[in-house]
Every structure is written in C-alpha cells, then in structure tokens.
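Here's the letter readout for the chains.
There are 2 protein chains.
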Amino acid sequence: MITLNRLFDVEPWKIVENTLNTKDFRLAESVMSLGNGHMGMRGNFEEKYSGDFHQGSYIAGVWFPDKTRVGWWKNGYPNYFGKVINSTNFIGINVLLNSQELDLFSETIKDYSRELDMKHGVLTRSFTVIQDKKETSVKVTRFLSIAEKELAVIKYEIIPLNYDGDVTFIPYLDGDIRNEDSNYEEDFWVEVNKEVSSFEGSLTMKTKDNPFNTPTFHLTTTMKVEIDGPVRSVTSSIENEYVDNQIDLELTKGQSTTLYKYVAVTTDRDHEVGDLVQVGKDLLSKNIEKGYQQILKEHQEQWFKRWEIADVEIDGDPEAQQGIRFNLFQLFSTYYGEDSRLNIGPKGFTGEKYGGATYWDTEAYALPLYLATATPDVAENLLRYRHKQLDGAFHNARQQGLKGALYPMVTFTGVECHNEWEITFEEIHRNGAIAYAIYNYVNYTGDKGYLKRNGIDVLSSISRFWADRVHYNNKKEVYMIHGVTGPNEYENNVNNNWYTNLMAVWTLKYTLEVIEYLQSNNLDEHLKTLDLTDAEIAKWKEITEKMYFPYDKELDIFVQHDTFLDKDLIHASTLSPEERPLNQKWSWDKILRSCFIKQADVLQGMYFLNHEFTLSEKKKNFDFYEPMTVHESSLSPSIHAVLAAELGLEEKAFEMYHRTARLDLDNYNNDTEDGLHITSMTGAWLSIVQGFAGMRTANEALSFAPFIPASWNFYQFNIVYRDHYIKLNVCKDSVKISQQGSDLTLTLYGEKVQIPSEGTVIIPLKQKETTLQ
Amino acid sequence: MITLNRLFDVEPWKIVENTLNTKDFRLAESVMSLGNGHMGMRGNFEEKYSGDFHQGSYIAGVWFPDKTRVGWWKNGYPNYFGKVINSTNFIGINVLLNSQELDLFSETIKDYSRELDMKHGVLTRSFTVIQDKKETSVKVTRFLSIAEKELAVIKYEIIPLNYDGDVTFIPYLDGDIRNEDSNYEEDFWVEVNKEVSSFEGSLTMKTKDNPFNTPTFHLTTTMKVEIDGPVRSVTSSIENEYVDNQIDLELTKGQSTTLYKYVAVTTDRDHEVGDLVQVGKDLLSKNIEKGYQQILKEHQEQWFKRWEIADVEIDGDPEAQQGIRFNLFQLFSTYYGEDSRLNIGPKGFTGEKYGGATYWDTEAYALPLYLATATPDVAENLLRYRHKQLDGAFHNARQQGLKGALYPMVTFTGVECHNEWEITFEEIHRNGAIAYAIYNYVNYTGDKGYLKRNGIDVLSSISRFWADRVHYNNKKEVYMIHGVTGPNEYENNVNNNWYTNLMAVWTLKYTLEVIEYLQSNNLDEHLKTLDLTDAEIAKWKEITEKMYFPYDKELDIFVQHDTFLDKDLIHASTLSPEERPLNQKWSWDKILRSCFIKQADVLQGMYFLNHEFTLSEKKKNFDFYEPMTVHESSLSPSIHAVLAAELGLEEKAFEMYHRTARLDLDNYNNDTEDGLHITSMTGAWLSIVQGFAGMRTANEALSFAPFIPASWNFYQFNIVYRDHYIKLNVCKDSVKISQQGSDLTLTLYGEKVQIPSEGTVIIPLKQKETTLQ
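Protein chains in written order, with the UniProt record's numbering: chain R, 1 to 773; chain A, 1 to 773.
Keep in mind the hints are simulated off the structure, nothing from the lab. Beta carbons are placed, not taken as given, at the ideal position from N, Cα and C, and that holds for glycine. Any given hint could be a false lead.
With a Cα cut of at most 25 Å, we get these calculated SDA-like pairs of lysine to any residue [as the list claims (entries may be wrong)]:
no. : chain 1 : residue 1 : chain 2 : residue 2
1   : A       : LYS585    : R       : PRO211
2   : R       : LYS732    : R       : GLY694
3   : R       : LYS403    : A       : GLU578
4   : R       : LYS476    : A       : LYS475
5   : R       : LYS139    : R       : ILE170
6   : R       : LYS590    : A       : TYR472
7   : A       : LYS48     : A       : THR235
8   : A       : LYS475    : R       : ASP562
9   : R       : LYS74     : A       : LYS67
10  : R       : LYS74     : A       : LEU569
11  : R       : LYS155    : R       : PHE53
12  : R       : LYS253    : R       : THR141
13  : R       : LYS139    : R       : LEU284
Just a sample of chain R residues kept apart from chain A, beta carbon distances all over 12 Å, derived [to be verified]:
no. : residue
14  : ASN89
15  : GLN100
16  : GLU241
17  : GLN246
One chain only, chain R, in its complex shape:
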C-alpha cells in the first residue's frame, strides 16, 4: 500500500550506499548525517557537487528569529519564527585532479560507496574517478568527535591508479551560507573576522542583529591542514565570508596522498567572543599532537560506551536490527543530555524544516528513552529546560488572553515561534505532555524532591491555564474545551477532543495530588509562595468532576471529538497508493473532512494513561481507530506498536515497529530529503521495550510482559531503572532478566518476581492472551 524508497544495503551496523543516487541525493544526504550533540551536518560531499543537494551544517543552540510569514495576521501570533540556522561550511575541500575540478555529478566513476558506520560514528566515502582513461581512487573519512565536541576531522586520501599527475586540494571555510527555508531569502550571518595562512585559516561569523531582541551568536571555525604527500606549493586566499588554502601536490602512480583537515567549531555560547579563535587553535594543536589515529580512537571509545548501555540486539531480522541502531545513532548524535540549555529538535542537525528546537515530542516520545538509557540527570535536564522557560509559557498564555502557562508548540526560549493558528492557538494538548513528563520522571526515578519547587511551579501554572481555557456549558452542566487541534493534526478547530480533555483533567488531578503530597509532608514552603487560592483549587476540583468526555454508547468507544462520528467512516485500506501520503496528494479541505487520522489521538491518551484503562477499552478503541489511521506523522507507529503488542496483535505491532524503525531508511513519509525525523526516532525503542517487552512503570512499579515477533530468534536490551541496571533477553522460548543493583522486585506477566542483587531470572516465554481478538 505504501511505496518504499530504499537506497541502502541492510547491514547490522552500517548504512551502505553503492550507487551515487543523483536523483535522491538529498534523501541520501539526510540519512548520512553526522552529529555529536554540539554540531552536526548532512552527508554533504567535501568536494564540489554540481547536482541538486542541500548543504547543511548546524550548531546546537545557535538559532535566528526569522521574520514570520503568514497570510493574514491573527492576533496572538508570535513576532518571529525561530530557526535552527545553517552555518559555515567547514568540511569543504575542493579537489582538482590534473587541473580538472572533481565533481561527482558529472564525472565517470566506478566502485562508488558511501558508508555510515554507526558503531564507530564515522562516515566514509570511496570511489574511483575515470578522466581520459586516468583512474584515481579516492577515499574520504569524516567524523565529529564525541570525545572532543568542538572537533571535526576529515581524512581525504587519493591514489592515482594508472598515471603520474597533479592534484590540488583547496580546503576552505565558507560562511556565505543561507537557510533554504529563510522566509525572505535573507542571510542570517555577517562576517566578523577572518585570517588565513599556509595550512590554516579561521573565519568568525556572527548572527545578524535582529529586531526581536533575541540573543545573537558568534561562530568561529578554525582549520588546520596536514598533508601526507609531496607538496609543491601552498597559497592562501581570502574573500568575502570565505578563506581557503590552495595546496598543489605531485602524484605518483600507485602512491597514496592524504590530506587531513581538522576543524574546531567554537561559539560564544561556550567561550568569550574574544577568545574564540585562540580556543579553536589551541584545541586543534592539542589534538593534532595526539594524531589522527588517537583522535579517532577516543571518539570510537565513547561510541562503544554509548552502545554498551543502549544497544538493542535483534537476531533474525537484519532490517529491524539496522533500523533500531540507525535511530539510536541519530538520536544520540543529536542529544546525549550533556547540556541543559539544549533540547531535541525535530530534524536535529539534519535539515531545516519545522524550525524551532523544541516540540512536545521531547516529553511525549523522547523522555522515556533517556529515562531508561541514561543517568537520571539527563532526563531531569529535559525537565529543567521547561522550568527555565516558564516565563515564555506565561507570555504565550497572555498572548491568547489566558491565565497560567501555555508551553509553546515550537520554541527556543519558551516563547512560541510557530504561527498557524490551528496549531499555535489550538494544539494546546502539548501542555498536558509537559505536565505528564513531570509525573513520568518522578514516577520512574522516585525523585519526589523535584516536585517541591520546579515541579509544582510548572504543574500549577499549566493547571491555571486549563482552568481558564475550559468553559462551562450551562445547558448541559458540564465543562467543555472548544476550538482545539488534537494530536491528529488532520482535523483542526474541533470541540472536546477526548485526548485534550483527558490530559487537562489528568493535569488538574495530578496537580491536586502533588499539592496534597507537599502539604502533608511539610514540603510546601515554595508552594505557599504561588498564591493558589482555595477558590482556585475548588474550581480545579470541580472541573475534574464535571468535564465532558465524548463517548458513544452504541460503539462503546471514546469519541475523538464532538462530531467525529458524523463523518464518512471508512478504512485507510480503501485508499489507493496514489493517494498516499494524503498530506502530499489530497487538498487540505479533503483531509480535514475525512475520517483519516494522522497519528494516535484517543489512543495517545490510552498510551499515556495506560494503567487507567481496561484491556477491553483499549481493544475497542484500537479496533475502531487504528484502521482509520494513516500514520503520516512519524510519531504515530510507535504508539500503535506498543498498544498492539499489549492487545496481542503481534502482526500489527510488528508492522508498526518496522514502520517506525525504518521510517527514514525506507522514506515511508516521502519527506526524508528534508531531514531525518529525529524526535520520533525513539519510536523503535519504545516499540521494543514498551511494546514487545511490555515494560510498564506506572505507580512506581516495574513490570514486563514480553513476546517475540515470529521471525526473530532473540532480542535483548538494557535499561537503567532507579539504581538497577537491568538486561532483558527474550528468545523463542524464554525470558532472561539479569540485573545489577540492590534486590529488585518486578512483575513479569502479572506475577511478582524477585531478582537478587547481581542475579538473573529465567522464565518461559508466555503466549499472549488472544481471547480479546
């Protein structure tokens, strides 16, 4: 039903491309992206490429408030659209072979290969160029060190196979880079400083002053070049926003000539502006002294450590194996929790679309993975990020004329920077996810101390928003929430979206619980400063008791919103392949009126508050909604995989797993050329851990209920749970759980199991209940 576009070989630890795909070049560029949390880039070529491509290098936390573009302005819109900005191209190395510029778009080449080595975090490219019967072998290696975050390294190796000749390398730094998605084709950068001499150069760019008074950033890229080969001459040139070296060498048939380009990427987020160049130079000197091999080794060792904790092994399904590793690799390349000023952008360092750094995706989809695969401070950093942005959230609510805090749909600072009214003004369920993340964190880690100050600040502010956003329907004597867009963005401006109402009421209930907890444990010193009145608390309570939830008695399902059942209700399976994805093939009018659901909506609520619904409720709603769901949001398949697994719908769970795990590798949504779907990359992990292995953590109790897909021999993964380091292995006939930490009690298939410190438990794999199917 969906046409896939798979460009890459299936290998457990690598993404391999053996053909230069000029037609799908951008798609391959996205997939071949590298990142190290501090910076990242698309899989661009170092040398010239005259075909269609998208040069993209991005630095974490460096953004620009682009002038907004809307049709007709609506009151409440933010003033600017915050953008991750495309920055200095520091990987560039133009290459002239015998005075002819190397350009793979127009060359005759053979033995082309590009490999993303996920185990070691290295991108390599190799090919043989044939020019007038002269054959030259080229091999390029690139990595962004995760041991030394400000360091990028390129090794460019050339061997003339059947001739003697010349090569010219022109390593350069080019600051004349523009966002493709700039609303007014505006350049966001100005040059501040540049210097160049033999084998080195430096370029400092600064983001333009802007009328919105958001911070500006300085970015310095500093390069040093080493050559292993017979250099004939070196010259340098300096142009507007550009510096380069021009290095001429003699080539001898069969002999290798190698250029090493080391680049330091430093910004005034981390250093004084005046020090940027020197810091870069020092960093390069220090590292070059170590030598290429040592730098690479240190980088790889860090990747080994990451994989040691987080790797998920799957035996018997190479595509599934490659998919989960690709997701984890790109996710960790984007964010590994070291910097609490950062968050997880929807495209990471792989593209520009969507703008902004932070979406509700972080809380809804990414937090569980970081809770389970890193130390608690990483997850806490994600929460603190939102707490720090509370002022922005107050601002957003005020913009709508409402009390309390409205966390933004898209932001860098807490202030909303997206503007489509149906999203910005209406997709307010995001506020529920922010509150839910606090519950999730505290419940998972047991760190109730977080509630005392930051937690209650955010919870009470969100609750105040909900209490002002509802209205009372006098006739029906219920509270309602009108004019919202639910998680299903294929419907806008609906009334009483069940999920939004659910999360609003849940937030109010949880906030009331937390207040009670703080008060009864004498932890309410900070709480008292928040001026919550009795009337306010009473109103919150009343809303939780009198909220309206659309429900259909006949179908015994929760109704997505007031008039959903009035639609022409048909299954997505009736759509033809030519119509998919709908968002590219159908008019918006047709999409809005159709019953087709972009991503989990009612089911998103059953996923979050899983423990509050019966299996029968989950089953009925899943059976009703999933067939109408087109999963055209990258966030959709994982939620369905988890629920399908719980319901014993193993085939559906397996299908959804593949869809989320290989979303970008197989370009399911036909938009990976714009960049990878970073924030939904936790989906594969969620599908395996919460889905196939059935991990649940509600009410501070850990449980599993694993099954194994029919085609798999085994799968295994590790999780960090409080002070336990747990390894779970599921094979055809058994489940093996071992743990490091104090004695652990958990639930396995509904039965309590004790695992002693450093102990292991093995029990038989249980077949899923299928009575409900």
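Assemble chain A onto chain R, guided by the hints.
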C-alpha cells in the same frame, strides 16, 4: 459602546475637513478618494507631504499576481495573490514658494479646508501658508472626469496675499510607486518609455513579467500643463521612472497665478500598446481646446444624471443624508457598469488591503442596487463577468479535488487568489450567492432568456460542486456539509453551517426548476450539451430532500452550526469598549471560541430567502442572534437593518442604518485608513429601500411596506423596475408612489395597488405591527 472618530463636518452634499489631521491623515485620505470607474485615487496632496500618508492611485483592471505569503503551505492553495496595484503618481505638483518647498506637514497654515463635493464629483483644498510673515493663499481643485474617463484635471491656484515673490511649480509623473502590501517589498512596474518637453511629459510603465503567466499591462500617463501667470522659465528633467517640468513664475501681491495640469491615463486594456502615448496626447489636445470650464461642466452634468436616478433624499437627519450620498458617490466612483470586464473591488480605488477585484459582496450586496438604479445590462454585465470566469471556477474545484465549479473568494480571473485555508477552502457559501444572483436578476428583470445558456451553465456547475461537497451520514441518514466557514468568519471549520446548507439546497432546487423550465419550454438545446445524467439529477433531488439543518426545538431557532449552542452564549452588550473591535483586541483563539458573530449568518439566509420564512421564524432568530452580533464586518449592519425594519424593530433598524451609512465617515471599524469599504456601501441604500421602505421583489412581484424613522421628516428615492421608473416618497403620514412606464400593479402593505402609466398613488403611512415584539 463603539468609539467613533469623526473628522468631517456634516453637510448634505459635501465632506468637509477644516483641520489638517496629521494624526489621522490616512483616514482622511481614504474618505477624500475620487474615482471614475476607469481610475481612482486616495485624497493625496499634489505637493510634497512629509508626514505619514499613503500615496495611492489605481487603474481599473490593472493588477499583478504577487508571490503569495503563507505560513505552511497547504495543498490546494493558489499560486499567487492577485493585487490591485498602486500606479504612477500623476497628480504630483511640487511647489516652491520663494524657493522654499511647500510641505503642509511642517508649514504654519491657516484657514485650511478640504472638501469632497459629491454632487459635482470634485475635490478641493484651500489654505493660507505663512512663511516669515509672507502669506500665500492656495486653492487646489481636482476631478477625474466621468464624461471623459481617461482624463484627470488639477487646477492649482496661488495668490501672494501680502508680498511680491516667486513660485516654482514642478508638475511631474512618478512611476516609482510600490504597493504597501507587496509581500516581498517588490516593485511590480518597469519603465518602458518616457518623454518630456516644456509644459508636457509622458511616462509609460509596464507591469513586470511574472512566473504565473497572467497578463501584463501597459500604463501611460501623459500630462500637459497650462499656466495662467507670468512664466519666467521652464525646464524639464527626466529621471528613472520619472519626468517633470520646472516652471518658475513671478508673483505679484494680490494677483492669482494658476497652473492647470491635465493628465491622460491610458492603458493597453483599451488601446494598442504602440498608440498609448499618442492617444493620450490627442485626448489632452481635444479637451484642452474645450477649456477647463467646459471639461468640468461635462463632468458635472454626468454626475447630475447619476444623482437624478439614484439620489436618496432624507429630510430631518443630516448625518443620514450625508451618509447615503457618500456611499452612493463612492460606489459609483468605483463602478457604474460600463465595462463588463470589471467588477467591484472591496476597497475600490481607495486602498490596497484585501487584494483581488471581486468578492461575493458583489452578488450579495451590490447587485440589488445596480438592478434598481441602472439599466438591466449593468446587472447582466455583473452576471456575465462570472460566466466568463467559469473555467477558473472549475479550476478552483479541481484544486480541492471536487467536481463542478467553485467560485473564488477573491479573484481577478476566476482563479482563486486568496489563501487562508479557512476562507479559501471553507467559505464555500459564496457559491450560493453566485447562484442566487442569477435568480435575483432573472426574477427582478424578467429576463428568462438569460437562463438558457449562461444561467444554466453556471447553475449546473455550482450544483455539481454542492453534490460532490456534501457527504452522506449513514447513521443519521442525512446529507451533511462538514468543514465550512459561514458568513460569520469569527468561526472557522464548523459543520453544517445552517446558511451554507440552506444555500446549497436552494441552489440545487433552483437549478432543478430551471432545468424543468428549459425543458418544458423547448429551450434546452444548450442544456443538452451539459451531459447532466439522470443519476446526477436524481442525486441532486435526493440531497434537497435529505439535507440536515441544525435546529433547536426548545429555542425554536435554526442553529448556526452543529455545536453553536454549546458555547458560552452571552450578549455583545456585555463587552467593554476596550474590547472592540474584537478582531483588533482579542486573540483569534478567543474570538473563535466565543459566541460573538461578525455578520449575519443564519439571518443572511433569512434575508436572501426572505419569502420562504414566516415572520415568527424571522423574529425568533433575529432576537436570538442579533444580540450576539458585533457587526464587525461592514456587510453586517445592512442585513440587520432590513430584517429589523421588517420586524418592526425601528430603533434597531435605524441604528443599523447609521452604522452602515456612516461606517467610513465615522470609522466604526477603526480601519478606514486602509481604504473605504466600497462593496458594503450599498448597505445604506439596502437599509432604506429594502429596510425602511420594505421593498420586496421575490416571485416576480413588487411590494413595499414603508415606515419612516421617528426623527426623519421624509425620505424619497427612485427605482427602475422592469420598464417602470418609480419614485417613492415616504413622509410622516403618507406614502406617495409615482411611476413612469406602463400600468403597474404592486403590493403596498400587503394590498394590491394599481398605478396607471405616469400615475401617482398616495396612501396613509401605516404603523408597523408590533405584536411580535
């Protein structure tokens, strides 16, 4: 409740400003606009003005497809946004008094006065400038001839009151003009030709080539200057997109010096490109030969003729009198039906906002006036305009994936050129107004021949659209229309907007009637070519029988849309003045969720299909909806005035009349600085003729049921009805109707009345029934 901003004196035939309002300069510029159907302009000063102002001259039918600006693209959006374009400034005359440039923003002046003389179609300005005790009296007269449409005339007279000195006049043509609302600050014009010599000059501009393949336009402005005074020297200069003369004169104390600037404004819409300059010169020569006084006289005579037919006299209420004349003046300045390629833009020639030439306003609000105050061919031209654009309407429907014709919200060519999804994709009720206009025209004029070809083309195409746009609700066994925006644009994406459903069903019924009429009268030759199948016809019939209309039994009202009654229903009178207008003070989110109604919605249906509803139905719905209506669309008050009058709510009718009649004069909606609300200017006329006088024409029967507002002594107006020319005079105690034409039977207060050819009938004024109140 509403704060008014009245800058002008109240006079029956004039708009007079006695203070130079630098703060509200744009507002005054809008009100002081002139137009002659071929061209028009804001009330800009001829000489330099360094304060805030908006230079605006517009030429009918000359437009440009501006690159669109939206937030996130939605499938189905049009490619461009069509704009009326700001054109060469041809009125400009810089003036130097004793070498000092005249600039009213910074001068000391006294006796300032600006007058728009509506009876004669002339704008004058007079003032005395005081520079170093030297006093100079200035008087400027400007008109755009309606006798010679391509001719503009300015008379600029100077008298040094207490000194001898110099004056320099610099009459110029400036083509370097840009739309303020250009999306990308783009210039839409390029220079093609210019020439200048003593006392004359010419400038030809061409609209830029555009990537959308819409037509380009050439605009030539040609000036000739005459001087009545002692010329010392004349020089000319030519610059980029600019030509001028510089004329130095000696001034003698107490003696008048006068400059006449005659400008011909010619375009390739009317002439060959190569002839434009010569045509302009010939036109100027011919007219200058006549002399200023004669040109003015011919212009004024045409205005007398217009007023003779259309003037509405009101005795006892100077504000009301001024209001209706201002509306008629500006309306006729925009469109007087001479050119079937043109339509009535929402801002006419007075501003840029909204873009586009044609809205549903024409059919819904303007057609009745042109039907009654002009020969039938004028109204037919408005219909033909839409018939000619049927291909565009097919295109628009295809863009949404739908069959048939969807007339655009905003257009020049029939192709939609507006893009806010909630308007373009959803405000489809406009299609109903296009169909209704055909009924209105045929019913009013009796010209059934129009149905044979053009009429049935449009009706069947719109019906095909409706039949594809509805969906069948299997559960409730009714047809529904989801995802629409009704006339109340303060709600978007609602389901089953009662008005939209009503007009859809009405269109289908009327189309079926017309088909039956054509078939049974052997007029179906063209109809047969339209390939309407029996199944299609049957489907249409079924929809008319099974359409769902929201209705509340308890309140006994038609419900605006499915969930309207779930809102917090409060009256607009509870809003504070600081909150008005809502669209400027409230967030869009708050507006959408509120019950407040921008303009007649359910009541719009009761206005159009007035004869299909009982008085009791009208009363109940009026009483329910009007109190929630904020009338923030300029189209709102008139409809409410008509219905209030019918319901005997005389005070409400009177309030609504004033609001529509003086909307711009008193700047009710706080946006007149952007331009006048041209298309809603028929509102005052509708309020008097259909409201106070109760004129109805449904079912080919003419009727009246007049009342007179308490403060008025009498009012009278004329209408053309078929071959009758009818004059109606309503005074405190009687109604007098006289007519020219064959014997006429009409209904007066429900009773048949015969008026013989050239006869008059006088009957006592009847008091309104108030039993329903």
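Determine which of the earlier numbered hints do not hold for this structure and return their numbers in increasing order. none
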